[in-house]
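Undergrad: Sequence:
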Amino acid sequence: MNFSLLKTHKLFTNLSYPRNDLIRLLSNDVNLDKKPKTGILMLNLGGPENTNQVYDFLLRLFSDKDLIPLPAQKFLAPFIAKRRTPKIQDQYNQIGGGSPIRKWTEKQGEAMVKILDEISPQTAPHKYYVGFRYAEPLTENAISSMEKDGIERAIAFTQYPQYSCSTTGSSLNAIYRHYKNLNKQPSMKWTTIDRWSVHPGLVDAFVFNIKKELEKFPDDVRQDVVIMFSAHSLPMTVVNRGDTYPSEVAATVSRVMEKLNYSHSYRLVWQSKVGPQEWLGPQTDESIEGFAKNKQHNLLIVPIAFTSDHIETLFELDLEYIDDLAKKVGIKNIRRCESLNDNPIFIKALADVVKSHLDSNEMCSKQLSLRCPKCINDVCGPTKAFFKTNNI
Numbered sequence: 005m006n007f008s009l010l011k012t013h014k015l016f017t018n019l020s021y022p023r024n025d026l027i028r029l030l031s032n033d034v035n036l037d038k039k040p041k042t043g044i045l046m047l048n049l050g051g052p053e054n055t056n057q058v059y060d061f062l063l064r065l066f067s068d069k070d071l072i073p074l075p076a077q078k079f080l081a082p083f084i085a086k087r088r089t090p091k092i093q094d095q096y097n098q099i100g101g102g103s104p105i106r107k108w109t110e111k112q113g114e115a116m117v118k119i120l121d122e123i124s125p126q127t128a129p130h131k132y133y134v135g136f137r138y139a140e141p142l143t144e145n146a147i148s149s150m151e152k153d154g155i156e157r158a159i160a161f162t163q164y165p166q167y168s169c170s171t172t173g174s175s176l177n178a179i180y181r182h183y184k185n186l187n188k189q190p191s192m193k194w195t196t197i198d199r200w201s202v203h204p205g206l207v208d209a210f211v212f213n214i215k216k217e218l219e220k221f222p223d224d225v226r227q228d229v230v231i232m233f234s235a236h237s238l239p240m241t242v243v244n245r246g247d248t249y250p251s252e253v254a255a256t257v258s259r260v261m262e263k264l265n266y267s268h269s270y271r272l273v274w275q276s277k278v279g280p281q282e283w284l285g286p287q288t289d290e291s292i293e294g295f296a297k298n299k300q301h302n303l304l305i306v307p308i309a310f311t312s313d314h315i316e317t318l319f320e321l322d323l324e325y326i327d328d329l330a331k332k333v334g335i336k337n338i339r340r341c342e343s344l345n346d347n348p349i350f351i352k353a354l355a356d357v358v359k360s361h362l363d364s365n366e367m368c369s370k371q372l373s374l375r376c377p378k379c380i381n382d383v384c385g386p387t388k389a390f391f392k393t394n395n396i
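Just so you know, we're using my numbering here: the sequence shown kicks off at 5 and counts up by one.
Some clues are possibly wrong.
Straight-line alpha carbon distances no greater than 16 Å define the calculated EDC-like cross-link-like pairs of lysine to aspartate or glutamate that follow [claimed, not checked]:
1. K331 - D289
2. K331 - E290
3. K277 - E324
4. K91 - D60
5. K352 - E114
6. K193 - E366
7. K215 - E262
8. K359 - E122
9. K41 - E156
10. K193 - E151
11. K193 - D153
12. K392 - E366
13. K332 - D289
14. K215 - E342
15. K118 - D356
16. K336 - D223
17. K41 - E122
18. K38 - D153
19. K336 - D224
20. K41 - D208
21. K332 - D322
22. K188 - E151
23. K332 - E293
24. K331 - E293
25. K336 - D208
26. K215 - D228
27. K193 - E156
28. K39 - E151
29. K263 - D208
Estimated spans, in silico, between C-beta atoms of each pair [to be verified]:
30. A76 - C379: 18 to 24 Å
31. V278 - N97: 17 to 23 Å
32. N298 - F79: 42 to 48 Å
33. D363 - S267: 32 to 38 Å
34. K107 - S191: 26 to 32 Å
35. G100 - S191: 37 to 43 Å
36. N187 - K91: 36 to 42 Å
37. N298 - P348: 34 to 40 Å
Everything labelled a hint here was simulated from the structure, so no lab data went into it.
Don't be surprised by glycine CBs; every beta carbon is placed ideally from N, CA and C.
With the hints as extra help, turn the sequences into a complete structure.
TA: In structure tokens:
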């Protein structure tokens with residue numbers, strides 16, 4: 005028996021349904037039987053789901069010239085990955101044995117497309133795909149799944165709200181390289197949402213979480229709390245080429261504080277520095293130490309450049325900085341704002357970002373078409389051209 009038809013018959017015979025609700029429900033039934041029309045590829049770095057995947061994750065990461073250009077990269081990448089694997093495995097063991105980033109991305113994607121099917125029926129059915137740079141499901145495999153599903157319009161949707169050549173740029177380069185290596189034109193029309201750092205819904209989600217966390221401080225110190233917006237740092241060599249990441253992170257912070265009516269003192273700080281070279285500063289850990297010396301003992305850390313929990317929030321911020329460092333230097337009250345994860349305000353923002361992009365008919369942002377003044381990446385230009393023309 006065709007249960008979908010039976011359900012449709014019952015809807016028609018049940019006069020208690022308002023007409024608009026009936027049409028919407030019938031539309032949803034139809035979408036279940038249709039192939040997806042619009043595919044949203046959610047781009048991120050990914051993370052190992054268990055400790056056995058750590059080496060492969062690190063090998064891909066250190067092999068990425070867009071992220072970490074190394075001399076003799078083909079030989080150095082395996083060496084560095086092997087040397088760092090035991091340390092990183094231990095860190096993942098301390099946060100439950102693996103990264104939750106895939107779980108959160110899938111939850112976000114599932115909720116996002118449900119909203120999109122409602123608010124953008126002309127581009128429905130929508131289907132999300134997860135495309136990670138360094139862990140399964142890899143971006144290239146996700147593209148193959150999209151083509152197999154017969155997607156007509158493909159949207160490369162970065163989950164880094166603030167653009168950097170090292171993150172979003174690397175993921176977009178991977179899409180271009182996929183087609184270049186196959187020596188074939190895409191069967192789907194590709195566009196990209198390459199940045200969305202000041203989207204009102206993103207700002208509202210951060211503001212909601214900040215207000216919620218501030219309420220957990222003692223009444224007598226709540227107004228004295230310093231808000232520390234923490235973002236992943238970048239080497240100054242990348243910044244000095246003209247990467248827009250620092251200014252886009254600062255723009256997010258500015259919009260959030262404006263929405264908060266500048267209710268508290270705040271600073272933008274940077275985490276996750278690796279190696280001896282100069283990086284964007286001040287570093288988050290050094291800032292905690294500095295605030296302690298300055299008798300600022302009430303701190304709220306806000307991960308402003310991450311859309312879900314992963315090792316940099318759960319291990320670096322929660323364990324290294326809050327549970328360990330802050331206690332050592334005598335910070336009295338320190339908390340971390342919840343990550344966006346499945347915050348309903350944030351999920352609605354994701355859908356709105358995509359809906360606005362679909363309505364705009366833009367291939368990419370105007371910023372994406374402009375190369376950095378001192379760009380040294382030979383793939384950067386062809387990738388930008390690909391997302392403007394869809395031609396290899």
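Undergrad: Does each hint hold? Answer for all of them.
TA: A quick look at each hint next to the structure:
Pair hint K331 plus D289 holds up; C-alpha atoms about 12 Å apart against a cutoff of 16 Å. Between K331 and E290 the CA atoms are separated by roughly 14 Å; this keeps the pair inside 16 Å, and the hint holds. Under the criterion of a C-alpha separation no larger than 16 Å, the hint pairing K277 with E324 is consistent with the structure, at around 14 Å. For the given pair, K91 sits about 14 Å from D60 by alpha-carbon distance, which is consistent with the 16 Å threshold.
Pair hint K352 plus E114 holds up; C-alpha atoms about 12 Å apart against a cutoff of 16 Å. Between the alpha carbons of K193 and E366 the distance comes to roughly 12 Å, so the proposed pair stays at or under 16 Å and holds. Among the hinted pairs, K215 with E262 is consistent with the structure: their alpha-carbon atoms are about 13 Å apart, no more than 16 Å. As the CA atoms of K359 and E122 are separated by approximately 11 Å, the hinted pair is consistent with the 16 Å bound.
In summary, the hint linking K41 to E156 is supported, as the alpha carbons are separated by about 5 Å, within the 16 Å threshold. Using a Cα cut-off of 16 Å, the hinted pair K193 and E151 holds, with the two alpha carbons roughly 11 Å apart. A hinted pair counts as satisfied when its Cα atoms are at most 16 Å apart, and K193 with D153 qualifies at roughly 14 Å. About 9 Å separates the Cα atoms of K392 and E366, which keeps this hinted pair within 16 Å; it holds.
Restraint check for K332 and D289: satisfied, since their Cα atoms lie roughly 12 Å apart, inside the 16 Å limit. A distance of roughly 11 Å separates the Cα atoms of K215 and E342; the hinted pair therefore holds under the 16 Å criterion. Taking the CA atoms of K118 and D356, the gap is about 12 Å. The hint holds against a cut of 16 Å. In summary, the hint linking K336 to D223 is supported, as the alpha carbons are separated by about 14 Å, within the 16 Å threshold.
Between K41 and E122, the direct Cα distance comes to roughly 14 Å. Compliance with the 16 Å bound is thereby established for this hinted pair. Between K38 and D153 the CA atoms are separated by roughly 11 Å; this keeps the pair inside 16 Å, and the hint holds. A distance of roughly 13 Å separates the Cα atoms of K336 and D224; the hinted pair therefore holds under the 16 Å criterion. Taken as a hint, the K41 and D208 pair is broken in the structure, with Cα atoms around 30 Å apart against an allowance of 16 Å.
With a C-alpha separation of about 14 Å, the suggested pairing of K332 with D322 holds against the 16 Å cut-off. Between K188 and E151, the direct Cα distance comes to roughly 13 Å. Compliance with the 16 Å bound is thereby established for this hinted pair. A hinted pair counts as satisfied when its Cα atoms are at most 16 Å apart, and K332 with E293 qualifies at roughly 9 Å. A distance of roughly 10 Å separates the Cα atoms of K331 and E293; the hinted pair therefore holds under the 16 Å criterion.
For the hint linking K336 to D208, the alpha-carbon distance of about 28 Å lies beyond 16 Å, and the restraint is violated. Between K215 and D228 the alpha-carbon distance is near 14 Å, which keeps this suggested pair within the 16 Å criterion. Annotation: proposed proximity of K193 to E156 holds, straight-line Cα distance about 6 Å (limit 16 Å). Between K39 and E151 the alpha-carbon distance is near 12 Å, which keeps this suggested pair within the 16 Å criterion.
Note on K263 and D208: the hinted pairing holds, with a Cα-Cα distance of about 8 Å set against a maximum of 16 Å. Roughly 23 Å separates the CB atoms of A76 and C379, a value that falls within the hinted 18 to 24 Å. A hinted range of 17 to 23 Å holds for the C-beta pair V278 and N97, which are about 20 Å apart. At roughly 46 Å, the beta-carbon separation of N298 and F79 lies within the given 42 to 48 Å, and the hint holds.
Checking the proposed 32 to 38 Å range against D363 and S267 shows it holds: the Cβ atoms sit about 34 Å from each other. One distance hint, 26 to 32 Å for the beta-carbon pair K107 and S191, holds here, with the actual separation near 30 Å. The hinted range of 37 to 43 Å is satisfied by G100 and S191, whose Cβ atoms lie roughly 39 Å apart. In this structure the hint that N187 and K91 lie 36 to 42 Å apart at CB holds, the actual value being about 40 Å.
The hinted range of 34 to 40 Å is satisfied by N298 and P348, whose Cβ atoms lie roughly 38 Å apart.
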